[in-house]
Amino acid sequence: DAGVIQSPRHEVTEMGQEVTLRCKPISGHDYLFWYRQTMMRGLELLIYFNNNVPIDDSGMPEDRFSAKMPNASFSTLKIQPSEPRDSAVYFCASSLRTSRETQYFGPGTRLLVL
Amino acid sequence: AQSVTQPDIHITVSEGASLELRCNYSYGATPYLFWYVQSPGQGLQLLLKYFSGDTLVQGIKGFEAEFKRSQSSFNLRKPSVHWSDAAEYFCAVGANTGGGNKLTFGTGTQLKVEL
Chain A
172 DAGVIQSPRH EVTEMGQEVT LRCKPISGHD YLFWYRQTMM RGLELLIYFN NNVPIDDSGM
232 PEDRFSAKMP NASFSTLKIQ PSEPRDSAVY FCASSLRTSR ETQYFGPGTR LLVL
Chain B
335 AQSVTQPDIH ITVSEGASLE LRCNYSYGAT PYLFWYVQSP GQGLQLLLKY FSGDTLVQGI
395 KGFEAEFKRS QSSFNLRKPS VHWSDAAEYF CAVGANTGGG NKLTFGTGTQ LKVEL
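Here the protein sequences line up with chains A and B, keeping their order.
Going by the working numbering, the first sequence opens with residue 172, and the numbers climb by one from there.
Going by the working numbering, the second sequence opens with residue 335, and the numbers climb by one from there.
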């Protein structure tokens with residue numbers, strides 16, 4: 172398996188622009204997670220899905236952030252409009268079932284908002 | 335809510351020396367505990383995990399961790415560090431919220447290995 176795939180790997184945009192991050196989970200995994208990593212706040216869970224349904228979005232910072240999972244093999248995290256404080260590395264992870272299952276992380280998308 | 339504390343932000347060890355990275359957790363029930371490693375520019379890779387049973391857990395790359403309930407700790411150890419172990423290490427606690435495995439990560443420990 173190719174593992175979790177994220178695109179783009181790097182994104183540079185200007186404040187106010189829309190940003191879309193993409194994730195393809197490992198085939199057969201039921202859960203998909205979006206994380207954000209910054210120096211100040213460390214690794215934070217933004218939202219996660221089970222069988223394409225959002226389960227917990229309490230970590231989404233504000234309404235400018237939205238995430239979708241239209242099918243089992245694709246998810247997006249969108250920021251509109253983007254702000255400089257959104258600059259971070261965004262990780263997608265997937266896992267089988269629940270609780271005891273390992274989360275497998277993608278390589279991340281490094282976002283810089285100017 | 336669960337939480338994880340990694341008290342050491344940076345640790346430097348010499349190659350061949352032993353290593354112990356500290357992790358303390360807070361969780362009201364039996365925790366699921368994980369150690370992940372992140373190399374520069376990469377995603378996180380699982381080193382090992384603890385759910386139940388033997389409190390000494392073996393992982394990949396020669397790492398092990400010991401769960402101590404009385405101390406709420408899950409420290410990571412390696413008897414002899416290699417230069418390739420230089421990376422950032424994250425401890426995490428998982429909670430079965432009834433809908434999935436929600437991991438809470440510590441702030442990480444950056445390991446530097448001196449040759």
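Treat the hints with care, as some may be off.
Claimed, not checked - DSS-like, lysine-lysine: derived pairs with alpha carbons at most 30 angstroms apart:
(1) A:K195 x B:K402
(2) B:K383 x B:K395
(3) B:K446 x B:K383
(4) B:K395 x A:K195
(5) B:K402 x B:K446
(6) A:K239 x A:K249
As the list claims (entries may be wrong) - Calculated Cβ distances over 10 angstroms to all of chain B for the following chain A residues:
(7) P241
(8) T273
(9) Q274
(10) P278
These are calculated hints, taken from the structure and not from any lab test.
Idealized CB from N, CA, C, for every residue including glycine.
### Query
Of the numbered hints stated previously, which ones are contradicted by the structure, given in increasing order?
The structure breaks hints 1, 8, 9 and 10; every other hint is satisfied.
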